[in-house]
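Novice: Each chain, letter by letter, is given below.
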Amino acid sequence: MGNVTYAQTMSSIEKLFDDLTFEYVRQWKAKLPSRRVIGFLPIYIPREIIHACGMLPVGIFGAGDRIPVVRGDAYFQSYICHLPRTVVELALCGNFGDFDGFLFPSICDVIRNLSGIFKLQFENKLVRYLDFPQNFDPEVGGVFYRRILDDLINDLSSLNGLRPTNNNLNESIAVYNRSRRLLLDLVRLRTEKPHLLSAVDFYKLRRAGNTLSVEDFNALLENLLQFVGQIDAEPEDKIRVVVTGAFCEQPPLGLIKTIENAGCYIVDDDFQLGLTWFSQDIPDYSDDPLGALVESLLELKTFSSAVFEDDRMRGELLAERVLERKADGVIFCAPSFCDPALLDRPILERAMNKHHIKHTSLQYHENLGQFHVIKEQAGAFSDMIKLWE
Amino acid sequence: MEVQKESSMIKQKQMLAEHFMELSQVRETGRKVVYTFVPGNLAEFVSTFDMLPVYPEINALQSGMRKKSEEYIREAEDIGYSEDVCSYVKCDIGMMLQGNIGPTGQRLPAPDILLLSYTGCFVFMKWFENLRHLYPNTEIAMLHVPYQEAGRIEPAAVKYVKDQLIKSVIPKFEKVSGQKFDIDKLGRKLELAAQAENLLVDIFDSARHRPSPIDAYFGGVYYIGPIFTAFRGNEDCIDYYRELKAEVDYRVAKKLGPITPEGHLENERFRLVVEGPPNWTHFRDFWKMFYDRGAVFVGSSYTRVGGVYDDGFRHSSKDPLASLAEYCMGCYTNRSLPQRISLLERFIKNNHADGLLVNSIKSCNSFSAGQLVMMRDLEARLGIPVGFIETDLVDPRYYSFSNIKNRLDSFFQMLEQRQSIWIGDDSLSDDVLA
Ligand code: SF4
Ligand code: SF4
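Protein chains in written order, with the working numbering: chain A, 1 to 389; chain B, 1 to 434.
No lab work stands behind these hints, which were simulated from the structure alone.
Note that the coordinates shown come from a computational prediction; the quantities given were computed from them, not determined experimentally.
Be aware that a few hints might be false.
Okay, derived cross-link-like pairs now, EDC-like style, lysine to aspartate or glutamate, Cα gap no bigger than 20 Å in a straight line [stated by the list, open to error]:
hint, chain 1, residue 1, chain 2, residue 2
1, B, Lys-167, A, Asp-310
2, B, Lys-172, A, Glu-295
3, B, Lys-167, A, Glu-139
4, A, Lys-358, B, Asp-78
5, B, Lys-159, A, Glu-139
6, B, Lys-175, A, Asp-311
7, B, Lys-162, A, Asp-137
8, B, Lys-162, B, Asp-184
9, B, Lys-175, A, Asp-137
10, B, Lys-172, B, Asp-182
11, B, Lys-167, A, Asp-137
12, B, Lys-175, A, Asp-310
13, B, Lys-159, A, Asp-137
14, B, Lys-159, A, Asp-150
15, B, Lys-172, A, Asp-151
16, B, Lys-172, A, Asp-311
17, B, Lys-159, A, Asp-151
18, B, Lys-172, A, Asp-310
19, B, Lys-167, A, Glu-299
20, B, Lys-162, A, Glu-139
21, B, Lys-167, A, Asp-311
22, A, Lys-326, A, Glu-215
23, B, Lys-167, A, Glu-295
24, A, Lys-354, B, Asp-78
Just chain A, with the same shape it has in the complex:
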């Protein structure tokens, strides 16, 4: 990235966000004949493996309000969330032309069945549904997950004939560790000074992280950390909130802006949860790097609606997160018709009540265009918290 200015950085991120034709991806791929592009749906996939195979993992998060849905509606009934419509629309319009494969993590029935639609639609591309274990015993879920990863490597390798060595895998793990560390540094910086980087800019930055190569993204993060650290600005009188429930279908930018403009600094959110799925480094020096990836998943402490709660009580994890981020309250912000997020909400609300953490709740779909109601609701929430202080 070299010595670019803050404005240049933000403008390149913006361009990337707006480009639904994936020009960056095309250029990346054109550089070497063995390069392949693998699209993936939310939330988490082990991007390290794709990277180690010499491929680019690219997050597919729908198209928000940026394309009209013409054919996508003929694929999904009105009571199914919006994300799969724009994904199908992009697919049918040929926007994924440079993609060689698609991975669908096991997070809900819609994503699962969308994988079936892709199988029927793209018979000549790799389409895999990844069943992440819900049993966290290394000898049970661990063995099963290991097999899933082995199969994934076989499938990916069949696309370009390259099989990653342990060295390749360790290097990939290291570069993604670095990426997560940089991103978490930025999260911490925003915890202290959320006014230095707006929620919308931070969001766009993370979206870039799901398109750019990890090397380009890391360079961008390093630059940005420098810039942001040097900014001298005073915070406004806003409350601090954690936003949760938006881990799959993405809220429109207008919604994020509206929350912030209505008096709430978003100090944490799950919009791009997969980027920071692990809060600790994955060992990058192991003789068995796949084993290291498996182990990290089994020990996962991340708060996610797609992972069986078991003894990691989700409400408690959220309460800890609120404390850690010194937040004043929680905004449950879920896509309409999203079973995983909406069925978690009552559990989380009860936990917030128990911990005397204020909360409010709203629903959206990715192409929502009117934000008055959200403005009023977020504004009232902010006023209510200020009143209680």
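With chain A fixed as given, assemble chain B with the ligands onto it according to the hints.
Specialist: Chain B with the ligands only, in chain A's frame:
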């Protein structure tokens, strides 16, 4: 109107009454209670420990049929459950909040263990996570059943399910029931299960006759009652299916149509296959819209929701835990879309169906997401008329009689036109249609 009941129906009613009676007496008998799900259920496994299963899905559908579901759903919505989520979950939680009175009017006991058999539907996990918070300190056993993403059951997936049973589920059941797991006892139950399964397959296969002696959807949901709930693996279940088969054989011999609430269906006019669960809140009215037109269902995917026996699977005592694993993985909603399409295609072809109907359920993404693609694929491949309606399982707010009727009117018009073309062509006989 006096509803016609056959002796198999009366037998099923008695079996259910006894089961709910046993549930109401657990305080005295000390028997332990397992809440679990229908798809890929582990009925034989549960009864190996002498425990009693409760199926919240069945309670929800019964509440729908008894017109109680709307009240329960609103109760759940009042405490924060979104209007958008699966109505079974809300109906169950609402029922629990109102005292957990079951379909027979008796109070259902709280669970001693939640068997989260996570098969074919993601909502199951969220549902029992919620229940665990509502029944604090209740043991929960997760059994994660992998999806048939590649269109087949992988040995690694069988091993995974078996390993979970051995290392996690069995120890929890032993702890809660106070009984040691007896694999031979399970094996014996699985052999009994296979006998009932053979009979059920014969019963569903009878739909290839003209007229069809069964309605594989509206009648079918009764036929699957014993096998997909508490009774598979016991003698009573086999007796039920013997009795049912005798009734069906009789109708075949006499060339009688299926029994509807208003007697035998005479003059079968349309033979249909249906994808998707039925609506429960207006079950009779819904059924009537079809039998009034002489339409009979000769195949349905919903009656495979607990498990699929059409491609030869039977429970077996050879490797009991592997058999359970394969059963779980084989249930309809755990199959890939191409597999679901080919099962429907088989029903349509084998049972000489004239058309395909999709009843798309607002609550159920597991069934509904992808249905439009399946429908178009079958329409293109088989050239048959397809119909599409939308209802919900137990939320009556999503049942619109006029919408359904309008759509069915067009669907039946298409079927009629098709029939008149064929009837006008002397060269085509029933055999050709087959
Ligand atoms: S928004 Fe929710 S329901 Fe829709 S695909 Fe994502 S996780 Fe599934
Ligand atoms: S989503 Fe469908 S399969 Fe899942 S619990 Fe609801 S009705 Fe049952």
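Novice: Taking the hints in turn, state whether each one holds.
Specialist: Now for the hints, and whether the structure bears them out:
1. B:Lys-167 - A:Asp-310: OK: B:Lys-167 and A:Asp-310 at ~15 Å, within 20 Å.
2. B:Lys-172 - A:Glu-295: Given that 20 Å is the threshold and the Cα spacing comes to 24 Å, the pair is violated.
3. B:Lys-167 - A:Glu-139: Status holds; Cα separation ~9 Å.
4. A:Lys-358 - B:Asp-78: holds, 19 Å
5. B:Lys-159 - A:Glu-139: Holds, at about 11 Å.
6. B:Lys-175 - A:Asp-311: With a Cα-Cα distance of about 18 Å, the restraint between B:Lys-175 and A:Asp-311 holds, given a limit of 20 Å.
7. B:Lys-162 - A:Asp-137: holds, 13 Å
8. B:Lys-162 - B:Asp-184: Within the cut-off at roughly 16 Å; holds.
9. B:Lys-175 - A:Asp-137: This hinted pair holds, its Cα atoms lying about 19 Å apart.
10. B:Lys-172 - B:Asp-182: Given pair B:Lys-172, B:Asp-182 holds - Cα atoms ~14 Å apart, limit 20 Å.
11. B:Lys-167 - A:Asp-137: holds, 9 Å
12. B:Lys-175 - A:Asp-310: Holds, because 18 Å separates the two Cα atoms, which is no more than 20 Å.
13. B:Lys-159 - A:Asp-137: holds, 14 Å
14. B:Lys-159 - A:Asp-150: holds, 16 Å
15. B:Lys-172 - A:Asp-151: violated, 32 Å
16. B:Lys-172 - A:Asp-311: holds, 15 Å
17. B:Lys-159 - A:Asp-151: holds, 16 Å
18. B:Lys-172 - A:Asp-310: holds, 14 Å
19. B:Lys-167 - A:Glu-299: holds, 18 Å
20. B:Lys-162 - A:Glu-139: holds, 12 Å
21. B:Lys-167 - A:Asp-311: holds, 17 Å
22. A:Lys-326 - A:Glu-215: Violated, because 32 Å separates the two Cα atoms, which is more than 20 Å.
23. B:Lys-167 - A:Glu-295: holds, 18 Å
24. A:Lys-354 - B:Asp-78: holds, 19 Å
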